[in-house]
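Enquirer: Top line first, the protein sequences correspond to chains A and B. According to my numbering, the first sequence holds residues 1 to 514 in order. According to my numbering, the second sequence holds residues 1 to 514 in order.
Hints may be right or wrong, so weigh each one.
[Said to hold, decoys possible] Quick look at which bits of chain B chain A covers, simulated, 3 or more residues with Cβ under 8 Å:
| # | region |
| --- | --- |
| 1 | 114–123 |
| 2 | 184–195 |
| 3 | 370–379 |
[Said to hold, decoys possible] Partial chain A-side listing against chain B, Cβ under 10 Å, derived:
| # | residue |
| --- | --- |
| 4 | Ser-15 |
| 5 | Ala-23 |
| 6 | Ile-27 |
| 7 | Ala-29 |
| 8 | Gly-51 |
| 9 | Leu-77 |
| 10 | Ile-192 |
| 11 | Asn-226 |
| 12 | Ser-229 |
| 13 | Trp-269 |
| 14 | Arg-343 |
| 15 | Ala-347 |
| 16 | Pro-348 |
| 17 | Gln-382 |
| 18 | Thr-477 |
| 19 | Tyr-478 |
It should be emphasised that the hints constitute simulated quantities derived from the structure, not laboratory data. Remember, predicted model here, so these are calculated numbers, not experimental data. Glycine included, C-beta positions come from ideal geometry on N, C-alpha and C.
2 protein chains.
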Amino acid sequence: MTDLWVQDVELPLPSLKDNTADADRLIQALRSRIGGDVVTPELNLLRQLPGLLRNAHYRVRCVLHEDQGRWGISAVLPAEDRCAVLGLAVDLGTTRVVIRLLDMTRGEALGEASFDNPQIAVGPDILTRIHYADTAEGLDHLHRLIADAIGRHADALCVSAGYAASDIYMASVAGNTAMTHLFLGLNPRWIIREPYIPVVNRPGTFLASALDIRFHSSARVFVFPNIGSYFGGDLMAGILYAGLHRQEETAILVDVGTNAEVVLGNRDWMIACAGAAGPALEGGAARMGMMAGPGVIDRVSIHPETLQWDIHTIEDLPPVGICGSGLIDLAAQLFMHGMLDVRGKLAPDRCGDRIRVKDDLCHLVVVASHLSGTGEELTISQVDIDSLIRSKAAMYTILETITASVGMPLRGLTRFYVAGTFGAFINPVSAITIGMIPDLDVKCYQTIGNSSLEGATRLIQDPRRLTEIYHIRDSITYMELNVNQEFMNRFSAAKFLPHTEPALFPSVNPYRTS
Amino acid sequence: MTDLWVQDVELPLPSLKDNTADADRLIQALRSRIGGDVVTPELNLLRQLPGLLRNAHYRVRCVLHEDQGRWGISAVLPAEDRCAVLGLAVDLGTTRVVIRLLDMTRGEALGEASFDNPQIAVGPDILTRIHYADTAEGLDHLHRLIADAIGRHADALCVSAGYAASDIYMASVAGNTAMTHLFLGLNPRWIIREPYIPVVNRPGTFLASALDIRFHSSARVFVFPNIGSYFGGDLMAGILYAGLHRQEETAILVDVGTNAEVVLGNRDWMIACAGAAGPALEGGAARMGMMAGPGVIDRVSIHPETLQWDIHTIEDLPPVGICGSGLIDLAAQLFMHGMLDVRGKLAPDRCGDRIRVKDDLCHLVVVASHLSGTGEELTISQVDIDSLIRSKAAMYTILETITASVGMPLRGLTRFYVAGTFGAFINPVSAITIGMIPDLDVKCYQTIGNSSLEGATRLIQDPRRLTEIYHIRDSITYMELNVNQEFMNRFSAAKFLPHTEPALFPSVNPYRTS
Chain A
1 MTDLWVQDVE LPLPSLKDNT ADADRLIQAL RSRIGGDVVT PELNLLRQLP
51 GLLRNAHYRV RCVLHEDQGR WGISAVLPAE DRCAVLGLAV DLGTTRVVIR
101 LLDMTRGEAL GEASFDNPQI AVGPDILTRI HYADTAEGLD HLHRLIADAI
151 GRHADALCVS AGYAASDIYM ASVAGNTAMT HLFLGLNPRW IIREPYIPVV
201 NRPGTFLASA LDIRFHSSAR VFVFPNIGSY FGGDLMAGIL YAGLHRQEET
251 AILVDVGTNA EVVLGNRDWM IACAGAAGPA LEGGAARMGM MAGPGVIDRV
301 SIHPETLQWD IHTIEDLPPV GICGSGLIDL AAQLFMHGML DVRGKLAPDR
351 CGDRIRVKDD LCHLVVVASH LSGTGEELTI SQVDIDSLIR SKAAMYTILE
401 TITASVGMPL RGLTRFYVAG TFGAFINPVS AITIGMIPDL DVKCYQTIGN
451 SSLEGATRLI QDPRRLTEIY HIRDSITYME LNVNQEFMNR FSAAKFLPHT
501 EPALFPSVNP YRTS
Chain B
1 MTDLWVQDVE LPLPSLKDNT ADADRLIQAL RSRIGGDVVT PELNLLRQLP
51 GLLRNAHYRV RCVLHEDQGR WGISAVLPAE DRCAVLGLAV DLGTTRVVIR
101 LLDMTRGEAL GEASFDNPQI AVGPDILTRI HYADTAEGLD HLHRLIADAI
151 GRHADALCVS AGYAASDIYM ASVAGNTAMT HLFLGLNPRW IIREPYIPVV
201 NRPGTFLASA LDIRFHSSAR VFVFPNIGSY FGGDLMAGIL YAGLHRQEET
251 AILVDVGTNA EVVLGNRDWM IACAGAAGPA LEGGAARMGM MAGPGVIDRV
301 SIHPETLQWD IHTIEDLPPV GICGSGLIDL AAQLFMHGML DVRGKLAPDR
351 CGDRIRVKDD LCHLVVVASH LSGTGEELTI SQVDIDSLIR SKAAMYTILE
401 TITASVGMPL RGLTRFYVAG TFGAFINPVS AITIGMIPDL DVKCYQTIGN
451 SSLEGATRLI QDPRRLTEIY HIRDSITYME LNVNQEFMNR FSAAKFLPHT
501 EPALFPSVNP YRTS
């Protein structure tokens, strides 16, 4: 098997002793070069083949693609021309889409761009979009929104790198199951209805033109496979990038995006589950604060002695709100200083003049009005904190459940990958302090950033990843999170700070301020 | 492997314990029913799948097709509906096209139609069409002519059988390499130029819509593979039908159409060659007389004692000309009565008042003007006879060469299949008499009619034939007829009646009329 999608081959010249047909000659030459089955080119390419081969004097550059586990031929170019052959890796997020342009002959990145998923105009969350997809024209509209946006932004990215969108021969797209469905124009209505059935688990490879995307006319789009409705291709790409499936040591990968997905395993086995585990976890593991952006608080610390609050905002602008990582920091600091008790309740007597009570509800002033970017006090309420506590408890419970399912103590982990943009900004010490993640040596935690984009990139760089992707897909046992009594007991225990059983968090020792 | 392209399957109902995706569920159910790999449905079908499966309560009728050696799914229908699922077998002749409509669920024939290949308007012979295909728009024009005609006639055939063309889900097309290329819109220019290279040897399966044919929107068209430029899919279909590849006994199959193709072999090996073997055989083995039609002489006998000529015409109309089988009969009879000598020359002294000499050239009156359908004498000239002699010598030489190549005497054959419409009408005794075919027991000769259509039909009736087709394709060693000195010696010897070596034709004993 070859390590490149682009192959230069020199065909034996036809003769009376070797008068095999053009297509068969090309297939044979490719087969002996790259190994594996090569399928007959599509009609359009067949029609051009005699001219292409002869004009190129039988020295051609072939662009390959995946065709149901075999090699397909997307394009045949004259080897001498050294035309640009570009690929596009796509992280298809519910909120944000990131694309990366690559040279397929060398695998190097040529540029990157990101943009809001235009389906946000229909609804910011997955559920609204799925319902909208069920209306007349709704599905087609959602499909076209994202297809057009990818095409348009890819075009701009190509132009800025000195190329054209028609130089793109392959895209690899990693997204969650719902986003993948909407991208392909598949109705995701059954994804959210018991028993949660996607249309397809292994979408495979499509003509870009069939998806209404204008790259090269024969360009292909590979869509990462998913397992269930809640374990999507973005996770497959993440596992591919983290390399869980190649390691002897058992590791865990947690992707906290719109949903929380977890996979535990090693090169021999993998077990996965996802956070949307029924009504008890409503609100999910990831609904914390606002989205990161300029002026949003992303780090908070309170000096142990001076009690001085040190608030950091993105781009150092006057604060306008708080995002997930800031909220986790804040909760951890409040807990360390006794301003939040073990039940996660604000302790008014410890908070001094930062407490406001409105409609019988406690609020805590995070930023005074004269320091805020909005001109008003920035506060968080007990409701916000309760929501955070449920989220962190859900996360911890999921982690505990998945490791327990293989008889492994959570603290036995030595490698903990944190994927996703959100995960990249979480301070693991704070997350440990509130009992969101287990009390491991901080060195065990490794943030891997946009692992979905990285995984998609790896595939563009090396077709051998395909085998790995399907190997990952087939190695994973998906565990439907069964919200039973045991789960609820764990969840209840995890709703304390850091946990009802402090022995699980030996490193968490709140300051004994009196 | 299944014996039908149409499969009724009942899928296990989705549940929380079995929440695999719709497409994967269908694929699994099909796999366990029919064996072999089933590929992911196309995007259009994927998009309809959730509705189709649920409306049909997971009991569906799947129409399958061949997809590069695996099973593809053309359509998913509600099992209860018992919709018509039709197939079309196509014998794609250079001159005549024959189509047969079949019920794919039972394999039974529903009707048949034939029509002139509309490309005749461009040129009656292959060569003219190939040159025309090389002009601007020429190829597309030829492709559309035949695609439109097949679509139109299939539509009419469906309507007359009480169906619609949209009920056709599969066609199988067997034609020679050039006709196949023109049908697919592939430029056949290199087929006729040394070293004679087709565009493709294994065209495989196409969407009917991609070939501009309106059947069911997901209908597929399978095109029989060819070996070289001169051994086409029509022959593969013929071998499939005759069953050469399944027999222990070595047999020969001869298809005399526009070209003369020969295959010799058994279940262990096959060797093939075709008649267009260079300038020495110019005129080919099959350019005899006019095409069969009303009033055309197809049988001739001369009574051994009364010397009465008994002339039979098609539809018993007044004679207007003579076709190949009539010409062979005539030559045999003339030779038996000494009117033609061993060199194939008219013997004026034995022909009485039937001889006319024009421009130093002997003509023989076959039908007197008062008996003819044209009002004029029907004659054949020495030139016509010379042409027949060359043709028969070419045929015999090819047969001798192919058997000699495996060290087998021509008279060692025990089974001799004669395929093609033309072959069906040849009287083997006459063909033996002039030394066109070997002097075997007449029982060895078996005409198999339109074996190309029959082979195409077999595939519609039973997908297991596919394996056989590719087995045939790969078992055949194609022998380029090398027009060397030995070939020319054989050819010269075969230009006598029946042969320079009468011992090869012990059954041929001209009447000793004085």
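Enquirer: So, for every hint listed, does it hold in this structure?
Expert: For each hint, the structure was consulted:
1. 114–123: Answer violated; 0 residues pass the 8 Å Cβ test.
2. 184–195: It holds: at least three residues are needed, and the region 184–195 of chain B offers 8 whose Cβ sits within less than 8 Å of chain A.
3. 370–379: With 0 residues closer than 8 Å to chain A, the region 370–379 of chain B misses the three-residue bar; violated.
4. Ser-15: 5 Å, holds
5. Ala-23: 4 Å, holds
6. Ile-27: 9 Å, holds
7. Ala-29: 14 Å, violated
8. Gly-51: 8 Å, holds
9. Leu-77: Because about 18 Å separates A:Leu-77 from the closest Cβ in chain B, which is outside the 10 Å limit, the hint is violated.
10. Ile-192: 12 Å, violated
11. Asn-226: For A:Asn-226, the interface hint holds, since the closest Cβ of chain B sits about 8 Å away, which is under 10 Å.
12. Ser-229: 7 Å, holds
13. Trp-269: Where the cut-off is 10 Å and the nearest Cβ of chain B is about 19 Å from A:Trp-269, the hint is violated.
14. Arg-343: Since the shortest Cβ distance to chain B is 34 Å, the answer is violated.
15. Ala-347: 43 Å, violated
16. Pro-348: Violated - the Cβ of A:Pro-348 stays beyond 10 Å from chain B, reaching only about 45 Å at its closest.
17. Gln-382: This hint is violated: A:Gln-382 lies away from chain B, its Cβ roughly 36 Å from the closest one there, beyond 10 Å.
18. Thr-477: 13 Å, violated
19. Tyr-478: Result: holds, 9 Å to nearest chain B Cβ.
Of the numbered hints given earlier, the model fails hints 1, 3, 7, 9, 10, 13, 14, 15, 16, 17, 18; all others are met.
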